[in-house]
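There are 2 protein chains.
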Amino acid sequence: MKARVFVTLKPGVLDPQGKAIHHALEGLGFAGVNDVRAGKLIELDLADGTDDAAIEEMCRKLLANTVIENFRIERLATA
Amino acid sequence: MKARVFVTLKPGVLDPQGKAIHHALEGLGFAGVNDVRAGKLIELDLADGTDDAAIEEMCRKLLANTVIENFRIERLATA
Chain A
1 MKARVFVTLK PGVLDPQGKA IHHALEGLGF AGVNDVRAGK LIELDLADGT DDAAIEEMCR
61 KLLANTVIEN FRIERLATA
Chain B
1 MKARVFVTLK PGVLDPQGKA IHHALEGLGF AGVNDVRAGK LIELDLADGT DDAAIEEMCR
61 KLLANTVIEN FRIERLATA
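Read top to bottom, the protein sequences are chains A and B.
Going by this note's numbering, the residue at position 41 of the first sequence is 41; the numbering climbs one at a time, nothing skipped.
Going by this note's numbering, the residue at position 52 of the second sequence is 52; the numbering climbs one at a time, nothing skipped.
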């Protein structure tokens, strides 16, 4: 079973990586970019039957820093 | 207009970050994790009317290293 975890900074938390990407895009001549936020994507290959609670616990304990980050879990259909 | 770009390592490319996460999850006692791959998520806030070709060019020129990474673009409905 596959699952994806998206980890993003909470609104209001400074994002220097996103700022750097934004600046670089402007330097390359891309107009019309208002804002860029950088986050993480973690793809998990899990044993069948792993439940959402277990994945959420993984996020809370390791994958995301819940003080400054939000996370979202997406389960993919079993291959 | 919002768009999300998902950048993932191509299959076969070594992923030490993913390996480290995998090892840490096992260390925390999570069983049943077969594999972990780490990637990036970039959220773009773009001017309305930015077309897919422009976003793809941003990916090819800056956001992804297409030698070792794949990218996927997801446009979100205009708020």
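Wrong hints could be hidden among the right ones.
Which copy is meant is left open, so a pair is good if it fits within one copy or across any two.
20 Å max Cα-Cα, derived SDA-like pairs, lysine to any residue [as the list claims (entries may be wrong)]:
(1) K19 - V33
(2) K10 - L25
(3) K10 - D51
(4) K10 - G29
(5) K10 - T50
(6) K10 - D48
(7) K10 - G32
(8) K10 - G49
(9) K40 - R72
(10) K2 - A47
(11) K10 - F30
No lab work stands behind these hints, which were simulated from the structure alone.
Hints and how they fare:
no. : hint      : result
1   : K19 - V33 : within (11 Å within a copy, 34 Å between copies)
2   : K10 - L25 : neither (23 Å within a copy, 24 Å between copies)
3   : K10 - D51 : neither (25 Å within a copy, 27 Å between copies)
4   : K10 - G29 : neither (28 Å within a copy, 28 Å between copies)
5   : K10 - T50 : neither (27 Å within a copy, 25 Å between copies)
6   : K10 - D48 : neither (31 Å within a copy, 24 Å between copies)
7   : K10 - G32 : neither (23 Å within a copy, 30 Å between copies)
8   : K10 - G49 : neither (30 Å within a copy, 27 Å between copies)
9   : K40 - R72 : both (11 Å within a copy, 14 Å between copies)
10  : K2 - A47  : within (9 Å within a copy, 34 Å between copies)
11  : K10 - F30 : neither (26 Å within a copy, 26 Å between copies)
Checked against the numbered hints given earlier, this structure breaks hints 2, 3, 4, 5, 6, 7, 8 and 11; the rest are met.
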